[in-house]
Every structure is written in structure tokens, then in C-alpha cells.
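Chain A is already provided as a structure; the job is to place chain B on it using the hints.
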Amino acid sequence: MTAIDAAVGLGRRSLTRGRRPPRLGLVLAAGVLLLIILIAVVPGLFTDRSPTGTASVDALRGPSGTHWFGTDQLGRDVFTRVAHGAGRSLRLGVGATVLGVLGGAVLGLAAALGGRAADTVLMRLADVLLALPPLLLALLAMTVLGNGAWNLTLAVAISTVPGYARMVRAEALVVRRSGYVEAAVGLGLRRWLLVARHILPNTLGPLLVLATVGFGTTLIAASSLSFLGFGAEPPTPEWGLMLSEGRNYLSTAWWIGVFPGAAIAVTVITVNVVGRHAQARYTRRTSR
Amino acid sequence: MRLAKPVRLAFAAATAATLVLTSCGSDSGSDSDAGTSGAASGKPKAGGSLTYALDVEPTCFDLQVNQQGITGDIERGVVDSLVAVDAKGEFHPWLATSWEVAADLKTYTFKLREGVTFTDGTPFDAAVVKANFDRIVDKKTKSQYAATLLGPYTGADVIDAHTVKVNFAKPFAPFLQATSTPNLGFYSTRSLSRRPDELCAGGSAIVGTGPFVFSSYTKGQNVVLTKNPKYNWAPQQAAHTGAAYLDKVTFRFLTEDTVRVGAVTSGQADVATSIPPSDIKTVEADKGLKIRKVEDPGGAYNVFLNTAHGPLADQRVRRAIQLGADVDQAVKTVYFGQYARAWSPLTPATPSYDKTLTNAIAFDPTAAGKLLDEAGWTGRDGQGYRTKDGKRLTLDWPWNPPHTREQREVVAQAIQADLKKIGVEVTRPALDIGAYVSLALNGKYDLYDFSWTRFEPDLLRGFFNSASLPATGGQNAANLRDPQVDTWTEAGAATLDRAKRDDVYGKVQHKVVVDDAVVLPIYVPTKLVAVATDVSGLTVDPNGKPLLFDAWRS
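First to last, the sequence lines map onto chains A and B. End of the first sequence sits at 288 in my numbering; the numbers just go up one at a time, nothing left out. End of the second sequence sits at 554 in my numbering; the numbers just go up one at a time, nothing left out.
Simulated from the structure, these hints should not be mistaken for lab results. Glycine residues also receive a C-beta, built at the ideal position from the N, C-alpha and C atoms. One or more hints might be untrue.
[What the hints assert, rightly or not] Below 20 Å or equal to it, Euclidean Cα-Cα: the simulated SDA-like pairs (lysine to any residue) are:
#, chain 1, residue 1, chain 2, residue 2
1, B, LYS421, A, ARG49
2, B, LYS444, A, GLU233
3, B, LYS421, A, ASP58
4, B, LYS281, A, VAL57
5, B, LYS142, B, LEU441
6, B, LYS290, A, SER251
7, B, LYS420, A, THR252
8, B, LYS421, A, THR252
9, B, LYS420, A, THR52
10, B, LYS421, A, PRO206
11, B, LYS130, B, ASN167
12, B, LYS420, A, VAL57
13, B, LYS444, B, ARG392
14, B, LYS281, A, LEU60
15, B, LYS287, A, ASP58
16, B, LYS421, A, VAL57
17, B, LYS507, B, THR495
18, B, LYS281, A, THR252
19, B, LYS511, B, LYS281
20, B, LYS332, A, ASP119
21, B, LYS421, A, SER251
22, B, LYS421, A, THR236
23, B, LYS420, A, SER50
24, B, LYS88, B, LYS500
25, B, LYS170, B, THR495
26, B, LYS332, A, THR252
27, B, LYS421, A, LEU173
28, B, LYS332, B, VAL294
29, B, LYS332, A, ASP58
[To be verified] One-sided excerpt, in silico: chain B residues whose CB lies under 10 Å from chain A:
#, residue
30, ASP134
31, SER278
32, GLN329
33, THR333
34, GLN407
The shape of chain A in the complex, shown without the other chains:
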């Protein structure tokens, strides 16, 4: 219910502003996303089984009324594991995005306001890092940092920092050179006040929009690293890890791998739909 209310609310606001009515896809996406977040926060609401409780006799049962998503190779309930894995997987995605945005903001501002030398060094460094595919960069970071959920979050964050830094620098430069900021500086505004009052608020909008869209990519990168075994240890329920464990059973028990995979796909798609919508609205607002 919450999901639908929220979706409707979102739609109504658009209408009152005289925009196009919300697309059905957006309403659906927002609803599903809220449901996923709810599952992630309180998985116990949806299942009372244990995500690590094995029952060998029930191994490899297909989806049914008792086991919605079937059971895995050790008889664990796949739905329970997907539900309990939601929190851990989303935390990886959100954590990496937040860290990436923060790192990007700091470096971007430093490049924009720190003078020519800082700008050149930081941006050339960003060029080098952007030349590498983000996943490769994350793998490199994993190799240096070692395995584990926290290191994985950090590695994925590092791989996204150059992109955000670029964006923040560009926005900051635009604001910095606008007439009213020049005037404010001329009147003796301190640098930190300049950042706090003018540059940050003006950069925040596009940064948040970009982060929403980037979250999908981040979640995929985090799941990929988990799939490769860099993240949580088995038997921890985590989507990427479960997908990896299910791949050996694809021909005999498709549900072990397909449901965690679908969970990743659905989350990424819904976040992207919502993120794109936010981006479109933001662009319309600023271009007016």
C-alpha cells in the first residue's frame, strides 16, 4: 500500500505542476523500488525462515507454494536468501555510491578552486583513471585492498570517483565564473562561504541526479565483484554471490541463479527509471 500511495503522490504532484501525467512505467518502478527497500530493511516481514538453515532432504526443489523461489543445493529457501540478501546488496550499492559522490565532490571542488596546478594534476589523474573501465579499476583496487564487504564498497567507490569529480569540477567552474559569484568575491566573500553558500547548493542537484543514475552501475559492479568471490563469504546471502553459486546448476536448477539475478536486474532497472525521470525533470527545470 505504501508503495502505491507514494507512487500516486508522486504523480499528483507532477499533475498539479502542469506537467505530463506520470507514465505507468514510472509509477510501477517507484512502487517496486519501495517494496525492495522495505524488504531490505525488514526481511523478517516477508519470510520467517533462516537464510542459512540447511535442509538437505529438500535440496533443489523447484519453485512452489511452500518455496516461492525454490530451494538451493543445500535445501535453503531461495526466496528467504534473496530477501535477506537485499539489505546487504543494497548497502553495497548505496555505500559505494555515497563514498564515490563524497570523494568526487571533494576532489572536484579542490580542482575547481585549488588553483591551476591542483586542477591540472587532479584532472590529468582523472583522465588516466577514466581511461580504464570502472570494473577493471575496482578489480585493481580489490587486489590492493584485499577481500571483504567493506573493501569491496571502497573499491567500487574508488572506481566511480573520477566521473563524479569531473562533473563537480565543471559545475563548480560554471558557478564560480557567474556574475553574481564574481560580485560576491569582489565584495570580499570568504572562500569557504563561497563554497557553502553558492557552489555546493548549485552543484548538489545535478550531482544527486547523476548519483541516482550511477547507483545502478554501482550495484552491478558490486554484484560482479561479489560474483567473482571478492565480497562476502559463503554462506552469506548476497545477490552477486548467490548468482555465482547458482551458475553451476543453471541447466538443472535454474531458480538458484535466476532469482538473485532477477533481483539485481529489477533493482537496477527501477532505480534507473526513477533516476532518469529525476534527471529529465531537473534538466527541464534548469533549462527553463
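Coordinates of chain B only, in the frame set by chain A:
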């Protein structure tokens, strides 16, 4: 022995890796006695080719260096051995027509077959035998396995062109069996003069006397062997004489299980090794395929309990671990009943296997709990794990994901879940290969697992003798120091008397499983090979190596 990707490291590390890497192993490759039961019948005919899908790609093709079982699987058709071994453990002439073993087991004299030539045209003689053995033990070769097969080798004497005497510093009974393995097969003098990296890279640098010629190797793709038309020195047990039937054998490297199964069911491959037990039904349903099942000789898939680290120093805790996990059920579930539960550190196909151990450590969580209580692990913490003096009963069982095969990580999860029920926490830190290799040296683990293929109970000396500790390059992962086990394993290595060997090796198996409780045998490694019905005569030797010589297409 079976193992996966060896890592090129310094020599010291490399010997330590012998222990480590076995756990990852891949024996892959082989086949079964299709000759007797092949659906295709009739008279063998020459010609045709065979595509053989393997699950592991060797990191080096030099049999004298690499310890991966897969290298021997591929090159069994390229090199010949001095003797051939049969399923009863009897030895038969091959490149040696006869041999004499000194009473003290310190010298072996071989009469070599005359008229044998390498495929580069050079003759096979006593000097080549000596050159091969000398290169294997040369420290510069950095042999990770073949050198251990030569044990206390001190040198070879060329008596005449076709007589060679091999000398050892100590009595060395396992030598005849060792000479039957491909790792002590022979490369030509020209081959031996190649640079180490050229031999490692395979292809035409590797020249043997075998029924097939190593034609090419394409990294990530395949190995191609072609027929040696001049071959005429097959061992007596072979079904025919003269050259091999097949013109060409292509080994393809298909490491993903689903891809390999797909290749053989779609007819892109004629043979595929390591069929996952979960796919057996699919393959069996295919009328064009038959499944060959062969239990490996050698070490079972064992979990070793480290007596030199943490809570497992207490025998009662080790015993509790043996009794607290329902290994039967785990093996049955994970392997769909295809693999047998192991009861001894050796598999039933190994000489001197102790049958009486069956059910010696049956699942009994109540008894396990009692033992843990006795050992003082009586407290419980918030998560239900046992504690003693405020410390949780935690066991570290490190693993290296890329080198873990046969769903062993799933078995581990089942054991982990069972032990949790009796209040024991098992953690499974995933280590990269470097950290995993150094475990052997620093001993920072509680549980350690591997399997090892070889048709020889002398393996027990490597597994449990106190002279074979991992820190010194051995495989005694439990760090067991039991004087009786030492005496028995050394007695076994110093005699060829079957009854005496059965006696001492039987005692060793009983002692390490029941009294010392240092090993938890899990399953009997089993080759599940899918073979197209129009392939006949493919067999596997007692060392677990596929024999392509008699194979033919109908």
C-alpha cells in the same frame, strides 16, 4: 596427484605449494574402461579423430616440473614409462624389458627395450634415462612433483647402451610404481636441451617415444596430438600392437562446467571430463553418450585437522568435529549419490586400503556435544556458539575460490551448518593464491582440505609422517607428530612385501582416523566422463590417466 594452477614461485615456495595446490586440483581427465562395454562393437579400425574436452588448462606442460595431474593426463600418450602397472598393482615391462631390485631396495637395474626411438628420430637408451632423471632432481629444474617420485635418488649408472642402474641413498620401495607415472616418462635429449620456458609452453618442444606426437598448443584453446606412425612398443596389457588407431586427438579446454557439458551433448566434443553430478541425468538421457565412472586411487578428498593450532590441539575437539558433521548426507545431496562417502584418507581403489574403517566415524551430534563439554567448551554466547574462558569456539577453514572445484565449497557450507548446530563456528576466509600458499608455512589454519591421485599407499607417509610437515614442503597438513605413524609409514616405504605393507598401512589409516582424529575423509574422488557411443577402446590406467592408444571411432 591432482591440482590446479600452480603458481610459479621461488623454489622454496614452490615446494610448499605442493601441499597447497593439491586442494585446488584438477585431475580432470580421464576415462574409463570403455573397451569392454562400448556400445560400438566390432573390429577396431584405424583413422579418424577425437575431441576431448577438459576442465582445466595446465599452466606448464613440462611433466618433470609441473605437479598438475592434468599435464600427465594430456601427455600420457606422448611419453612412455619404464614399467606399466595393472589394477592389481603388478608391474609389467614397457620401455624396460626386465628389471632387478636389490635386496636392500637401494638399487634398481633396468634392461631397456631395443629399437625404441623418439619421434625426433633419436634412439631411446640408458643415457637418456639417466639424463631425464638427472634433470628432474637438478635444483635448477624446480620440479614440484617428479622429484618427489625419485625420492632419495643419488644418481644412475649407464652399464651399457641398454642397461641402467638407478641408485638411492635409502631403501625406496615406491620407485617401481613411480616409474609407471607419466611424470617419470622420458623426453628426448634434444627436448631436454630446450629452455625451461619452451618445455613449459608445450607443442613441438616436447618430444617423447609415445604413440602420439605433441603437435601444437594454442593458449586458452586446445592441444593437438597426432599419431606416431612408427610406434611399436606398447605395453603387453594394451589391446593391440603397432601404431595407435586415431590420427588426431584434440584436447579442448572448457573450464566452465555448463559449457563442457554443452559441448559434449551437442556433439562438438566426443569426450568430456568432470561431468558435474548434477548434470549426470541430462547426459544419461542423451542416446549418443554414455557415462563412464571410475573412482580415483590415492588420497580421498580429506579435511585435515591442524593439531598445531588453536582448539584442535585437543584430541576431543577433533573427534567432535569428525562426529558432528553429517558428511554422509552432505556428500549424497551435493553429488546426487554419484560420489561415495570416504572413510579412510585413502580411496578404496588404492592398494592397502583399510576396509574396516567403514562407519568408524558415523554422524553422532550428541556424542560430539559431550566431547566438547568434556574439553571445557561449555559456555554459550549470544549467537549460540560454544565458549571457553570467554573465547568462542571458532575454526578457520581458508579457501581459494578460483582453485576450488567439484562443488567442494558447497560441501563445506553443509559441514559449516552442521557444526553450527553443535555450537562450533567455522569461518571460511577467501584468500588469494599467494596468501593461500603461505598458509603452509605459517600454519595459521584449523582445517585444510585436498585430494591427491596416485596408485600408491606411500601417500600416507607424505600426509602423516612428522618429517613431512608443511613448513618443510611436505603435505602433513594436520602437523601430526605421532612416533608410531612415523615408524609404520617408514616401514611401508622400505618393503615390497604386500602383506607387510597392508599391515602397516592399515594401522596408519586406523590410527589417524580413529585415535589421532586428525583427518575427516569426505568423498572418493570419482571421474565422471561422458563418452560418445561411437568411441570405443578408451581406457584409464591405475594411475588415473586416460589411455588413448587403443581408442578408435566406429
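Now the hints, each set against the structure:
Using a Cα cut-off of 20 Å, the hinted pair LYS421/B and ARG49/A holds, with the two alpha carbons roughly 16 Å apart. Note on LYS444/B and GLU233/A: the hinted pairing holds, with a Cα-Cα distance of about 18 Å set against a maximum of 20 Å. With a C-alpha separation of about 18 Å, the suggested pairing of LYS421/B with ASP58/A holds against the 20 Å cut-off. A distance of roughly 19 Å separates the Cα atoms of LYS281/B and VAL57/A; the hinted pair therefore holds under the 20 Å criterion.
Under the criterion of a C-alpha separation no larger than 20 Å, the hint pairing LYS142/B with LEU441/B is consistent with the structure, at around 18 Å. Among the hinted pairs, LYS290/B with SER251/A is consistent with the structure: their alpha-carbon atoms are about 19 Å apart, no more than 20 Å. Of the pairs offered as hints, the one joining LYS420/B and THR252/A is violated, with about 29 Å between alpha carbons and a cut-off of 20 Å exceeded. The hinted pair formed by LYS421/B and THR252/A fails the criterion: a straight-line CA distance of about 30 Å is larger than 20 Å.
For the hint linking LYS420/B to THR52/A, the alpha-carbon distance of about 10 Å falls within 20 Å, and the restraint holds. Our distance criterion of 20 Å between C-alpha atoms is broken by LYS421/B and PRO206/A, whose separation comes to about 52 Å. A distance of roughly 11 Å separates the Cα atoms of LYS130/B and ASN167/B; the hinted pair therefore holds under the 20 Å criterion. Annotation: proposed proximity of LYS420/B to VAL57/A holds, straight-line Cα distance about 18 Å (limit 20 Å).
Restraint check for LYS444/B and ARG392/B: the C-alpha separation of about 17 Å stays at or below 20 Å, so the hint holds. Of the pairs offered as hints, the one joining LYS281/B and LEU60/A holds, with about 14 Å between alpha carbons and a cut-off of 20 Å not exceeded. A threshold of 20 Å between alpha carbons decides the hint, and for LYS287/B with ASP58/A the separation of about 30 Å lies outside it, so the pair is violated. Restraint check for LYS421/B and VAL57/A: satisfied, since their Cα atoms lie roughly 17 Å apart, inside the 20 Å limit.
Taken as a hint, the LYS507/B and THR495/B pair is honoured in the structure, with Cα atoms around 16 Å apart against an allowance of 20 Å. Using a Cα cut-off of 20 Å, the hinted pair LYS281/B and THR252/A holds, with the two alpha carbons roughly 9 Å apart. Of the pairs offered as hints, the one joining LYS511/B and LYS281/B is violated, with about 39 Å between alpha carbons and a cut-off of 20 Å exceeded. This hinted pair does not check out: LYS332/B and ASP119/A have alpha carbons roughly 63 Å apart, beyond 20 Å.
Annotation: proposed proximity of LYS421/B to SER251/A is violated, straight-line Cα distance about 32 Å (limit 20 Å). Only pairs whose Cα atoms come within 20 Å are accepted, and LYS421/B paired with THR236/A is accepted, the gap being roughly 17 Å. At most 20 Å may separate the alpha-carbon atoms for a hinted pair to count; LYS420/B and SER50/A meet this at roughly 13 Å. At most 20 Å may separate the alpha-carbon atoms for a hinted pair to count; LYS88/B and LYS500/B meet this at roughly 16 Å.
The hinted pair formed by LYS170/B and THR495/B meets the criterion: a straight-line CA distance of about 12 Å does not exceed 20 Å. A hinted pair counts as satisfied when its Cα atoms are at most 20 Å apart, and LYS332/B with THR252/A qualifies at roughly 17 Å. A hinted pair counts as satisfied when its Cα atoms are at most 20 Å apart, and LYS421/B with LEU173/A does not qualify at roughly 61 Å. Our distance criterion of 20 Å between C-alpha atoms is met by LYS332/B and VAL294/B, whose separation comes to about 17 Å.
Of the pairs offered as hints, the one joining LYS332/B and ASP58/A holds, with about 12 Å between alpha carbons and a cut-off of 20 Å not exceeded. Taken as an interface hint, ASP134/B does not check out: its beta carbon lies about 40 Å from the nearest beta carbon of chain A, beyond 10 Å. With a least beta-carbon distance of about 5 Å to chain A, the hint placing SER278/B at the interface is held under the 10 Å criterion. Interface restraint check for GLN329/B: the shortest CB-CB distance to chain A comes to about 5 Å, inside 10 Å, so the restraint holds.
Hint status for THR333/B relative to chain A: holds, with the closest Cβ pair at about 4 Å, below 10 Å. At about 7 Å, the closest approach between the beta carbon of GLN407/B and any beta carbon in chain A falls short of 10 Å, and the interface hint on this residue holds.
Of the numbered hints given earlier, the model fails hints 7, 8, 10, 15, 19, 20, 21, 27 and 30; all others are met.
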